[in-house]
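Since the structure of chain Z is already known, use the hints to place chain P on it.
Going down the list, the protein sequences come from chains Z and P. With my numbering as the guide, the letters of the first sequence map in order to residues 1 to 396. With my numbering as the guide, the letters of the second sequence map in order to residues 1 to 399.
Hints listed in this document are in silico derivations from the structure and should not be mistaken for laboratory results. Where hints are given, some of them may not hold.
Quick list of in silico lysine-lysine cross-link-like pairs, BS3-like style, CA-CA up to 25 Å [claimed, not checked]: (1) LYS259(Z) / LYS117(P); (2) LYS312(Z) / LYS259(Z); (3) LYS259(Z) / LYS24(P); (4) LYS119(Z) / LYS259(Z); (5) LYS120(P) / LYS119(Z); (6) LYS6(P) / LYS259(Z); (7) LYS117(P) / LYS119(Z); (8) LYS69(P) / LYS27(Z); (9) LYS119(Z) / LYS306(P).
Just so you have them, the derived chain Z footprint on chain P, three or more residues with Cβ under 8 Å [unchecked claim]: (10) 214-220; (11) 344-351; (12) 366-375.
If you're wondering where the values come from, they're calculated on a predicted model, not measured in any experiment. Even glycine gets a Cβ: it sits at the ideal position worked out from N, Cα and C.
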Amino acid sequence: MLTNRPTYQVSRRASYLERSVLRGLLKHAVDPSLISLAGGLPADEDLPTEQLNQCMNIVLKRDGAAALQYSPAYAALHEWIADYMLRRNIACSPENIFITNGNQQGLSILSRLFLDEGKTAVIEEAVFTGTQQGTKGVGANVVTIPTDLAHGADVHHLETVLEQHDVKLMALIPDFHNPLGVSMTENNRRRVAELAARYHVPVLEDDAYSQLRFTGRILPPIRAFDTSGYVFYLGSFSKMLAPGLRLGFMVIPESLQPKITVIRESIDLETSTLMQRTVAEFLHRGYLEPHIEKLRQSLKIRAEALMTALDKHLSDIATWTVPEGGLFTWCVLPENVDTWQLFDEALDAGVVYIPGGAFSVNGGHKNTMRLNFSRVAPETFDEGIKRLSAVIRKAL
Amino acid sequence: MRIEDKLSERTQHMQASAIREILKVVAQPGMISLAGGIPAPESFPIDIIRELSNEVLDEFGAAALQYDKTEGFDPLREALINYLPQRNLVNVNDKTLTIFSGSQSILDIVAKVLITKGDKIAIEAPSYLGAISAFNAYQPEYISVATDDEGIMPDALEETLKQHTIKLIYLVPTFQNPTGRTLPLARRKRIAELIQHYDVLLLEDDPYSALRYRGEAVSSIQQFAPEHVIYSSTFSKILAPGLRIGFGIAPEALTHWLVIAKQGTDLHTQSFGQAIAALYLSGGYLTEHLPRIIELYRPRRDAMLKALETYMPQGFRWTEPEGGMFLWVMGPDGLDAENLYHQCVQNSVAFVPGRYFYFEQGVGIETLRLNFTMVSADMITQAVQTIASAAEAMMLSNQ
Chain Z
1 MLTNRPTYQV
11 SRRASYLERS
21 VLRGLLKHAV
31 DPSLISLAGG
41 LPADEDLPTE
51 QLNQCMNIVL
61 KRDGAAALQY
71 SPAYAALHEW
81 IADYMLRRNI
91 ACSPENIFIT
101 NGNQQGLSIL
111 SRLFLDEGKT
121 AVIEEAVFTG
131 TQQGTKGVGA
141 NVVTIPTDLA
151 HGADVHHLET
161 VLEQHDVKLM
171 ALIPDFHNPL
181 GVSMTENNRR
191 RVAELAARYH
201 VPVLEDDAYS
211 QLRFTGRILP
221 PIRAFDTSGY
231 VFYLGSFSKM
241 LAPGLRLGFM
251 VIPESLQPKI
261 TVIRESIDLE
271 TSTLMQRTVA
281 EFLHRGYLEP
291 HIEKLRQSLK
301 IRAEALMTAL
311 DKHLSDIATW
321 TVPEGGLFTW
331 CVLPENVDTW
341 QLFDEALDAG
351 VVYIPGGAFS
361 VNGGHKNTMR
371 LNFSRVAPET
381 FDEGIKRLSA
391 VIRKAL
Chain P
1 MRIEDKLSER
11 TQHMQASAIR
21 EILKVVAQPG
31 MISLAGGIPA
41 PESFPIDIIR
51 ELSNEVLDEF
61 GAAALQYDKT
71 EGFDPLREAL
81 INYLPQRNLV
91 NVNDKTLTIF
101 SGSQSILDIV
111 AKVLITKGDK
121 IAIEAPSYLG
131 AISAFNAYQP
141 EYISVATDDE
151 GIMPDALEET
161 LKQHTIKLIY
171 LVPTFQNPTG
181 RTLPLARRKR
191 IAELIQHYDV
201 LLLEDDPYSA
211 LRYRGEAVSS
221 IQQFAPEHVI
231 YSSTFSKILA
241 PGLRIGFGIA
251 PEALTHWLVI
261 AKQGTDLHTQ
271 SFGQAIAALY
281 LSGGYLTEHL
291 PRIIELYRPR
301 RDAMLKALET
311 YMPQGFRWTE
321 PEGGMFLWVM
331 GPDGLDAENL
341 YHQCVQNSVA
351 FVPGRYFYFE
361 QGVGIETLRL
371 NFTMVSADMI
381 TQAVQTIASA
391 AEAMMLSNQ
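Isolated chain Z, as found in the complex (with noise of 0.2 Å):
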């Protein structure tokens, strides 16, 4: 009797739930004897390694135990980022300011907020799996936009859907989309910010990466253009700094924070101290501004490689997203390839990708893949995409 196996029923929102595919790529995405083009993550070497450890020893030796307690948000690193909040046109006060352990988490809290069970949440037709995982771990039922490679998200699109469903909310990443590589055009952003208004819907702005612009203007937030305080910008250093710190903030009306708080503290009580105060030196420091220019040189070079990379090999059976900035490029190939059934001859060939259905809501995308082009070093690009082109022309 005491040795049965036990049986294991999971929570209906749990089964809802799907294993992040790029979790489980991640292995190889770190793996030195490949090429990958699948990860996220930023080169070793574009990490402020040295800055961050002397910020951490700076404030141990000054906070001494106040660094390592259990401790209420660091009111610097509010400070720091109502200001620069202010910088990029959103007007807001350290009281707006909420920390979080990365943009996941502010998904997570966010759709904990605004999402019951069965209701209704808008996002994307392909998009990075967090923003599913959010919104559809709270059991909502997501109706999808598609994405323009263009222009981004399709606004006209999204008007059809508010005026058809009940939409509690909606989930956007207008920079340098992840996977598309695409942004919003200003109008667009503006116009989303005039649906919110209009339609009483919440949006979540998920902003991880329009610092990492290595071509024209830094294009202002969809928060810029609201009036109405239904527009929730979602902030990251995990993109700027290092994402290994899992740090990131929302940017929200202050009547919330009392909500918003409770619900926090439900989840993990608050972000490391230890973290915030680093990160808060850092910042202090002024290291921030240096850092992320030479970030940009360093994506731009490696941006410009892929793009002659496959220029060279794949311009004859493909077409792509030229990135102005950001981490990715989307690469779409003829109708009948099926980037899933590649991956492992590509994987045996030494070149790993994201296919891109594994962004897709709705099962499609199979044609493509999504490229990153932040870890690579600029001269192993082409290699990268000839044995990639070889594995694609075997497949038509």
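Chain P alone, transformed into the frame defined by chain Z:
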């Protein structure tokens, strides 16, 4: 239309706990607070952490700053797999162990994976409130199981399991918050039998067992029923809470789901803190530092018991925990510990009235939770004296 009108149903009944409010009041300067539940700052190994934070980059390089696996930073997982069997835990391996962003996060993610609205969770009363707040987000029903001086009563638990379909049992078996009670070995074995017999999962929350000042360690329940127990613990009490690192051991089939749910919640726990914790364990620093924490807290616990013995009026009883951070004082019937709290605050001494640890109203009116880790032995004696005099005065005026 206000944004407040757009909030989900599940968030409507989530609100700040009364204890949070109390903790704000008692943070005033000059207050001797026995109200908090946090480690003493002088227990933190600041010098060790400074040294380790420099070693992290030499040892692990950029890996300590990169995206990492949801399951946790491998060097920390390896260090825990080596260390945890010493704490009477079994089946600790890379398929059962997961790192979380503090043990609060385990409570949330376990509930996310298991609880559908209306599912029943059996809990002891009084209980740890952080767990209730984590579970509330998933809208369970609670079934309270009777306790006595030794903690939850197995016969009462069996009765509950017969009468209800219980999805999860939540217990803090060792140095419980708020009572300080420890479930004796015989009861642990009996509970292990019950959960296997009735095929029910138990969440064994164990933040405190490493902080033992007297007596012998008691086996975890997990050891007797590893396929039915999710075990949860933390570095907050043995290293530092500011790193926000907890860990869980769960049956392999369930760990699969916990990891998926964690991906959606926070992708992974921050890597740098995990790297520090890894070196703290693998470098033998925990073995070196833990006795210092115990030596810091033991005289405080002893002083509190001695002061209660010396000063408290007739009719009061209290638990005598051999470890942890709290003890539980039970006043005579008719004593309102909330009134006592207000009297004491006027005399610059604070504690938490016990009623706030019950989810039912009107229970535990005469009880108090006292923390003995935050202030010195002398201040503890002084604070207990103040509580005792105020209680005596209240009891006289009630007569």
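Here is what the structure says about each hint:
no. : hint                  : verdict
1   : LYS259(Z) / LYS117(P) : holds, 20 Å
2   : LYS312(Z) / LYS259(Z) : violated, 54 Å
3   : LYS259(Z) / LYS24(P)  : holds, 17 Å
4   : LYS119(Z) / LYS259(Z) : holds, 20 Å
5   : LYS120(P) / LYS119(Z) : holds, 24 Å
6   : LYS6(P) / LYS259(Z)   : holds, 13 Å
7   : LYS117(P) / LYS119(Z) : holds, 15 Å
8   : LYS69(P) / LYS27(Z)   : holds, 8 Å
9   : LYS119(Z) / LYS306(P) : violated, 57 Å
10  : 214-220               : violated (count 0)
11  : 344-351               : violated (count 0)
12  : 366-375               : violated (count 0)
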